[in-house]
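Enquirer: For reference, the chains in residue letters:
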Amino acid sequence: MKHRYLPMTEQDKKAMLETIGVSTVDELFSDIPEKVRFQGQYNIKPAKSETALTKELFKLAGKNADLKQNASFLGAGVYDHYMPIIVDHVISRSEFYTAYTPYQPEISQGELQAIFEFQTMICELTGMDVANSSMYDGGTALAESAMLSAGHTKRKTIVVSSAVHPEYRDVLKTYAKGQYLEVVEVPVKDGITDVSVLKDLVNKDTAAVIVQYPNFFGRIEPLKELEEVIHEQKALFVVSSNPLSLGVLTPPGKFGADIVVGDAQPFGIPAAFGGPHCGYFAVTNKLMRKVPGRLVGQTTDEEGRRGFVLTLQAREQHIRRDKATSNICSNQALNALAASVAMTALGKNGVREMAAANLQKANYAKNAFKAAGFEVVYDGHLFNEFVVKLNNPVKQVNQKLLEKDIIGGYDLGRDYPDLANHMLIAVTEQRTKEEIDTLVKELGDLHA
Amino acid sequence: MHNQDQKLIFELSTSGRIGYSLPELDIPEADLTGLLPDGYVREEEPGLPEVSELDIMRHYTSLSKRNHGLDSGFYPLGSCTMKYNPKINESVARYNGFAHIHPLQDESSVQGALELMYDLQQHLKEITGMDEVTLQPAAGAHGEWTGLMMIRAYHEANGDTMRTKVIIPDSAHGTNPASATVAGLETITVKSDENGLVDLEDLRRVVGEDTAALMLTNPNTLGLFEEHIVEIAEIIHEAGGKVYYDGANLNAVLSKARPGDMGFDVVHLNLHKTFTGPHGGGGPGSGPVGVKADLIPFLPKPIVDKRGDEYVLDYDRPQSIGRVKPFYGNFGINVRAYTYIRSMGPDGLKAVTEYAVLNANYMMRRLAEFYDLPFDKHCKHEFVLSGKRQKKLGVRTLDIAKRLLDFGYHPPTIYFPLNVEECIMIEPTETESKETLDAFVDAMIQIAKEAEENPEIVQEAPHTTVVGRLDETTAARKPILRYQA
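So the sequence lines, in the order shown, correspond to chains S and C. Start counting at 1 in the first sequence, then tack on 38, and there's your number in my numbering. Start counting at 1 in the second sequence, then tack on 11, and there's your number in my numbering.
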């Protein structure tokens, strides 16, 4: 058969078989026992030409309501943000996207330096000393922080706020099962972690306390008070943080966080139905040698030229095997590059300006809902999300909104039984005043 | 700074420059301090660069030139399946209806995405011979851990709580034992025999009532098909264990042998290897896991199901191990893999394996005269050489790898697997032409000759790269992991 990805001709094949000393390709498979040899062809769809396939898949994509044609007020960990167009141009350079992990530093300086810059930017935003080269996503980064904490403290209990993303908590529980760790949840009071309950829950068995900042309801957790309670019991203080919010919020590092994790999706990474995004993992110097995943370090060559290498690899699976700090191998390098480009484009001023625009527009929207007579639950300081109580099931309301080209907010009743008919509304810098006003009006009409 | 140093983006920063264009703030602006609690307004600005858009493009273009990708040249990295990354995949993954959809949208508004996932599951089931597939794991290692967690849950559901050991060959990828540890299981190593295959006697010795699973890559990391696979699976099954297939090397057996038919109970696939999701400089990947019927209840939730004409996310799975990742996996990579499978069809996938194996055997035969060939038999998609002969001349495998850089090649995998001295592991893949294979072989032959006649040129390589060999010892002893002004 002929195919554009398969360059061998019949003539090539003949010459090669001769060199090998066999007469057919089949002979090369003679070591596969007859009993398990697959006969015939896979029963899968036949190949399509480039034109036919792109036509089919374009149509399939068109069945989805996308964030370009609809105004989205859906967040809950994945956001519709400004993506500098330059990001896609950079990551489309195939020297980056078709490369493997930079194990040969002499011909991988571009990737290594880009990751070194990513690590620096994450440190700058979070206020931490060390950041790794990326994790799969915010959820698995959070789970890995629990494993690091348990290993470091030799303690077996993880305390997690119920205002942490529900799906992140689910992932945490799966990893905890693997490691025989106990997960205890702290309830929320008025939309933030209940510090007085936390005090009773944290003790000498607590490896880590994990909170989210801003939390799942959009509220700003009192990191200062939390830190005192947590460190008094010598547990590790883990903060899961939307890195964009740190353009305006005091970084967790300033409050004494030991580990900061999260997802860099807000920086130039498309929602892509939930992945691939880009987890990040940052720690204090003290925990540097316990970090999961790849780290890039600066060094020099024999002529004194600056260069970059993968370093502290004695932590990793390909060296330490069953004693490694984590099993992670592939990470999200290309998305870390995308996030770096976005952070570079935004720069010092843009990150603050974009974060501030989220804060401003979300507050404008919240006040508009209040003025329209809606009850805003857990009202208080927020970043870019808040909770509105509706009269009807959120699913039903969202289906109506879709007819108006609006993707409505998150149905909190899915995870919090007390919050049935409560919608978590995200307002990013992308939403216009007109879109916000339309949402308030449409919900008002449905509300009546 | 050395005068030839590539500048860091931070070193290009000039106060007052910008590289962004944010949407207008079309609402009345409130005072920021009132909007946040006292003490929570950021005071110190993050040290991010201030550069123009052209500065950014030049910087990253310059970095890209200091990086070797598959599109730059041949990349015969063993066990990594560095095959061509089709451009149609990149286009399709960027369609608005795939790239710009939110995972928590109402199911009715993402039927196209769910249909694609469902159909990909169907295709992967047929390709692997398994009964159900989850697309949730983000990468191969994540899939391994997911599979082992399911096996553990299966044994526990049977009251078999003493099954805590995972048997892993000494030639296995490092992720296998690491994943076992993260799944709360212990590793027992089984030796390879003189033919490079699992030593059956040793396997019988280590298997027992405590066996949770055997993890196997087939063909193994030496590129050899485990000929006794039927017997191996029987030994494990008779002892009550499960057999796990590490799909890193699936490119060798498409349409030739399916894991499900070989007796495997669980399989993970690396969609970024066999199914052309690009490697991205280290990720993102995608590591779907397929299972046989008795393990279906333990799959992570949700999985995509079809009810009538509607595609749904099925969360009602009481015995599920839970979530292994937020949302539904690395969808963007799954779109690429699906596009690839649909571009190849059944004949195409069969040809993939045939050419991958033909290419590897051809290179192996051409090189056998110049390098030691530890296992002299037909290989599958990759093969290993030993640099023992060159080592006696004072030239190490590392030197050979570095010398290949001067010829414009990415070197093969080296010093892996661990059970071959001075190992060189070569995987050409099916997408390379005979001319490319010949040119690489010629370079390897030249290096073998240089090792005899002029070893310094090899020992001191590379000579043509933007930096020479880097001081990794100092990098690890005195780590500099971030830029500081």
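Hints may be right or wrong, so weigh each one.
[Said to hold, decoys possible] DSSO-like mimics (lysine-lysine), calculated; alpha carbons at most 30 angstroms apart, straight line:
#, chain 1, residue 1, chain 2, residue 2
1, S, K52, C, K267
2, S, K215, C, K489
3, C, K303, S, K386
4, S, K93, S, K83
5, S, K479, S, K433
6, C, K489, S, K97
7, C, K136, S, K211
8, S, K73, S, K93
9, S, K83, S, K73
10, S, K361, S, K101
11, S, K52, C, K317
12, C, K136, S, K86
13, C, K136, S, K97
14, S, K386, S, K361
15, S, K83, C, K18
16, S, K386, C, K489
17, S, K292, S, K262
18, S, K194, S, K324
Calculated from the structure, these hints are not laboratory results.
Enquirer: Given the hint that K73 of chain S pairs with K93 of chain S, test it: the Cα-Cα distance must not exceed 30 angstroms.
Expert: violated, 41 angstroms
Enquirer: Within 30 angstroms, alpha carbon to alpha carbon, are K479 of chain S and K433 of chain S?
Expert: Distance of about 18 angstroms is within 30 angstroms: holds.
Enquirer: Run the distance test for K136 of chain C versus K97 of chain S: straight-line Cα separation, threshold 30 angstroms.
Expert: Satisfied, since the Cα-Cα distance of roughly 25 angstroms is no more than 30 angstroms.
Enquirer: Verify the proposed pairing of K386 of chain S with K361 of chain S, using a straight-line Cα cut of 30 angstroms.
Expert: Given that 30 angstroms is the threshold and the Cα spacing comes to 40 angstroms, the pair is violated.
Enquirer: Is the Cα-Cα distance between K136 of chain C and K86 of chain S 30 angstroms or less?
Expert: holds, 20 angstroms
Enquirer: Tell me if the straight-line CA distance from K215 of chain S to K489 of chain C falls inside 30 angstroms.
Expert: violated, 36 angstroms
Enquirer: When you check the alpha-carbon spacing of K52 of chain S and K317 of chain C, does it fall within 30 angstroms?
Expert: Roughly 47 angstroms separates the two Cα atoms, so the pair is violated.
Enquirer: For K83 of chain S and K73 of chain S, compute the direct alpha-carbon distance and say whether it is at most 30 angstroms.
Expert: holds, 26 angstroms
Enquirer: Does K83 of chain S lie within 30 angstroms of K93 of chain S when you go C-alpha to C-alpha?
Expert: This hinted pair holds, its Cα atoms lying about 16 angstroms apart.
Enquirer: What's the verdict on K489 of chain C and K97 of chain S, does the C-alpha distance respect the 30 angstroms limit or exceed it?
Expert: violated, 54 angstroms
Enquirer: Is it true that the CA of K303 of chain C sits at most 30 angstroms from the CA of K386 of chain S?
Expert: violated, 52 angstroms
Enquirer: Straight-line Cα separation of K194 of chain S and K324 of chain S no greater than 30 angstroms?
Expert: holds, 20 angstroms
Figure legend: structure checked against the earlier numbered hints; hints not met, in rising order: 2, 3, 6, 8, 10, 11, 14, 15.
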